[in-house]
Each structure stands twice: as C-alpha cells, then as structure tokens.
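Novice: Protein sequences, first through last, are from chains F and S.
Residues in the first sequence are numbered consecutively from 1, following our numbering.
Residues in the second sequence are numbered consecutively from 1001, following our numbering.
In case anyone wonders, no lab produced these hints; they're calculated from the structure.
Note that the coordinates shown come from a computational prediction; the quantities given were computed from them, not determined experimentally.
Check the hints yourself; a few may be wrong.
Derived, one-sided and incomplete: chain S residues facing chain F with beta-carbon distance under 8 Å [what the hints assert, rightly or not]:
#	residue
1	Phe1037
2	Asp1109
3	Phe1171
4	Gln1274
Cβ coordinates follow ideal geometry from the N, Cα and C atoms, glycine included.
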Amino acid sequence: MSLDFKPGAFNDFFRNETFREDFTYRNSPAAIQRFPFPFDRDDYMYSVNMEPHVPGRKGSVFEHLLDVDEHYVSEMIDRARVLAEDPLRCQSLPHMTLAGWDTLELVMEAKARDYPQWFSLKKTGDRWHWINRPLGIEQSFTFLDEATLPCGPFEYIMRQTQGDWTLQDERDNTLWMDAGIATSQADWSADFDIGMNFHEWHAPVPLAHEKGIFDRALKFLLKLQHGAPVRRFNWTMTVNPLLDTSPENYPKWGPTKTSLTQGNLGGKQHLRVELQTLYRLPRSNAIAFDIRCYLGKFEELVTMPKWGRRLHRVVRDIHPDLAAYKGFLRNREAMVEWLSHYDDGLPTTPGWWPED
Amino acid sequence: MSGGAKLNVRVAEVVPVNELITRFRFVASDGADLPAFSGGAHTVVEMDDNGTRRLNPYSLMSSPTDRSGYEISVRRDDVGRGGSLFMHQHVTPGMEMTLSYPVNLFALDNRAKKHLMIAGGIGITPFLAQIAQLTHYGGKFELHYSARSKGLGAYMDRLTAAHPGKVHCYFDDQSQQIDLGRLLSMQPIGTHLYVCGPKGMIKWVLTTAEAMGWPRQTLHHEEFTAPGTGKAFTVELAASGKTITVGTTQSLLEAMEAAGVDAPYLCRGGACGQCETTVHKCDGTILHRDHWLTPEEHAAGSKIMPCVSRFEGKTLVIDR
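Construct the entire structure; sequences and hints are all you get.
Specialist: Spelled out as structure tokens, the structure:
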C-alpha cells in the first residue's frame, strides 16, 4: 500500500512541512498555545501518573479521544517514508489480528465522531465505508475480513493515525507486546521489543524498578477496563524536529547532539512530549497503548512565561541518571544556560496550563 | 465511581431454560449497540432488591459478535444470599437495569493450537460465548460438558447440533464421568485447557493436568465465589473514619457501600483483585474466601478482599 495523496491534502489547517533533511516543522501560535506541556510543577521524578482519559478542555489536546492536529498530513507522509525504508517498523504477530481490528474500529469511530469534517464511517452490517479526506483515502471493506483491506487492519489504520501504537496481549498475569508500530519513537524499537513482556521491555529504565513502579503499573493495567481508558505523560529531549529517533537510525541522528550552540539551541532543541493513552480492546481483550509525540522548540515554549521558568528549573534540577537515560546529559548545561534567560525566579502556579 | 463504566439496559427477554436456570437478554436502553466483548467476559448486574443493593457477576453467554444485546443465564440458588432469587422472581421484560462494562478474567489464549474446554453445570455459560467467538474468527475447540441430568444440561441440544463431533456430554445420573486422564493424554502440543464449573471439578481438572506435566501457562479456569454468609462483625474504616457492622447476609464491600463509602471493585467474586485493601489492625481471624491473594498473603493477614472475605474476632481496622 502506498499513500497516494491527492492535491489539496494540505490546506489552511494542515501544514506542509518536513521532519527530516530541511526540517521545516514548526508549531503555529495556536499550536504552541495548546502544546501539551508535561510539567505540572517545577521538578520531575517518575510516578505512576495515570488519570482517566476523558475529554478535557476545549481546544486542548485532550478535547477529543484522539487528537488530530495541524501536523497530521505531514506526519503520515513521514510515516509512509519510514515504512518504505524499513517495513519491520510495523509488525503484528498472527494471534493479534483481532486486536488490530479492535484498534481500527476504535480509531475510525473516534475520528468520524469527533472530526466529521475530515472523516466519515458508514456501516451497513459488516460492510464498512471509510473516508479520510485529508489523506484522500476512500475504502469499502468487510469488518473482520482481512482480504478486503490492502494490508492488515493494524497497519492499515496506523498509516492514518498519528502516534506510535503497541498492542499488548494479556497472558499469564502480564502483558506481551505482540504488535506494534514505531516511526516516531524516542529511541526504542518495536522490531526489537516485539514478543517481550511488560517487565522485559521496561528493563532498561533506571530508578523506576527500585521504586516498584513497574509492578504497580502492571497491576493497574491488568485491571484496565473497556470504556475507561487512561492517560499519562512522558517526555524526553530531541535535537531537530525528527520524529524517527529510532535505535535503527541512531548513527544518523545521534551525532546531531553535538551540533548545539547558544545561538542555535532555541530553534534546534525540542522538548519531545508523549501523550500516552491506554485502552482495553473489546473483542481481543488486548490493551492498546498509543504513544503520541508532540515536538516543541525551546524558543516556541518560552513564549509562555510560566513554561520558560518551569522548563529551566526542571532541566536544571533533574536527577542525572534520568538526564542520561533520556539522552540529554551532555547538553544539559547548555540547555540550562539558554533557558536561564527565561527564568526570572518568580514562583509558578501549579498545573501545566500556560495561562493559569 | 467505583466499578468502572456502566451500561444502562432494558430487560428484553426472560426465558426459563430448565427447572433451575433462566436466561435473560438485555438491550441498551437508548437502543444503540452495546460494546463488543471477548468470549469469557462477565458483567456485574446491579439489582435493587427492595432497598438492598445487590451486585452479582454473570458470564456473558451470547455471541461476542452480536452487539444488539447481552445474554446471561442465572442458576437459582435457594439457599444463597438472594441475588439469583431476585433475578428469577422479580426481573421481568421491560425492566430498566444497570450492568458493568464487560470484564474478562477468563480469556482465550489466541495463540493456542486447540482450545480444550471442560464445563460443569452452569459453568457452561462462558464457553457459549467463547465457542461463538471461535466459530466466527476461526479456532479449533473441543468441549466436554457434564451436568447432573439431561434435564439440567442447559444448551446441550443447541451445542451438539451446531458443532457435531466437537461437543461431548456427560450425565451424573447415568454415572457418566469425563475420562480426564485419557482425554488430557490425547491432546496435541499447543493445546490450552479451560475449565469452569463447581469448585471440586476445577481442582480435579487442574491438579490432574499439572500432575501430567501440562505447562501452567496453558491452564485457565474461572471461579466466582458468592460472598457467603456468616456471623455479623464490626470493622473500623480508617480512611473514612467510620465504624460499620457487616450483617450476616451482607458482604464487607456491601456494608461499606451502604455506609456511603466509595470502595473500588470489579468482579465482586474474589477473582479480579480490584477491591484489595490493606489491614491496619487485626485482633481476630480474617476468613479469607478470595482467589486473588496468595496463601502467604492470607497467612500474613495484612490484606483483605472485602467483596467475599469476612472476619471473626475483636478488632479489624482497614485502610478504606
């Protein structure tokens, strides 16, 4: 399957931009205003920071179950390029096909309900008709019949959905990453992790094991119910607006960490925020994990005075093991210096909203 | 609110199946589709029994592909706490009721090369949904189903007609018993074993399979414990600052709810772990009746599952 975009895919809303080579990606003023700034206080440490994934503030990334933003079309073009170069970025073990259909249904129903101007889903029994106007896709198919789609249901819908997703099968009181797609990942590999269980794929994370966080998180997730999704934030740092920071391509992007200067840092250094949501899937009893990536340039984020002050304090005070794990220890001092110009020492208000 | 997302439904059908079992069909009150579910899932039915709130888990037995309604079968228990009697005597078509979203604690392992199912009595219900799922999506299965008599073998005719050669029936009153050792010795590699039925049957099947070297990961069972009755007892709720008395036919969870304490729960049958509560002080004996805590945790007495477990003694203080 290839993405054959029709003319007109980009318009006043969807930006025509790149996440590689000339890196024309940026956030419009409206997108900065709604950026999911992940720090609700002036310091950071791991916690099981789960909350119900219910519709939130209008205009925010929480307004709808799935957020479709101005970067949608360009992100899908970038995903298609990554998959063309490396098809193993999207995999689904044979017993996960049903979970793939569950995921397809979740995405199509949510997008058609929340963005009727762009997406439409009509059902006549098991005959479904799907229209994705921004990507110029129109598809009739039979639900649960793989032969009626150009590729498997998981890959089909993932080529039209922002965020990396993994599907976890539940067995033996743990979760197994038995399907996944990763083209906008913070240095992890679905190809490497596929088939691993919850504790196996989290093994590299520092500090959290000692705190018993993964045992508690797993216990929580095993009780996740259909109809009651949950969400949390995670974050890291990325030089250049590169979605595909994969271990497979580390030689291509790792060296860019040495390219920062005080002069270019504000435009090149990005806070990479992951809005992670978890859904129990109905037919397969699997759990879908959506890792949605938002990139914000430092110079964009500091236009919100509260965020400038807070980002400076978080980066300055973070535990060095976390800075090393997140891959920015070598640039931390430079970031702190750049950010210090946006921290006047005034107190900040609790919560992450920019204006509160 | 505790117990997760809820569904407002209307009773569409009440059908007597045999002298002990009645089937109920629920449809969404607003006429929409109900959520899809996976074979083996249960729902918790909320009942208002003349002011007493009863919440009982029942396996969904209808096809997971049918979103127009859910079906459960309820076996009447004349000496139980009253939930099944309420269903049999007071639930009629047209009644509005509340169900929990489906929760699955007895899911199929979709990697299995074959699913070997063993059912006893009303334990047939989750298998009806699982068989419908496998029939629709593909998957090899074999069912061995025993009942007290032909008359009490609910859905046997339907199953044997739809799946000739795959369903084997046994009747206690004809002294028929599953030849378990032989059956387990004949299964291909990659077979998963599922059992649902009376406590003794589950234990027999699991211990036999384990003794024959079946991998633990291939053995699946579902057992809901009715909360059971006992002597009344008093509990201090540390977090909410209340002291409550649990009646003889009431569970600790129900007593907390009656006192306005919003305690977490899902299955209400001692299986899911959601209501696990820390014990601050225990001067007496906790009567553990759940399948969630380990034997070591039961012995330690530092946790209790309020949905099914009780207490005898002087003082019990829990973190709720």
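Novice: Against which earlier hints does the structure fall short, listed by number upward?
Specialist: Number 3 - this is the single hint that the structure violates.
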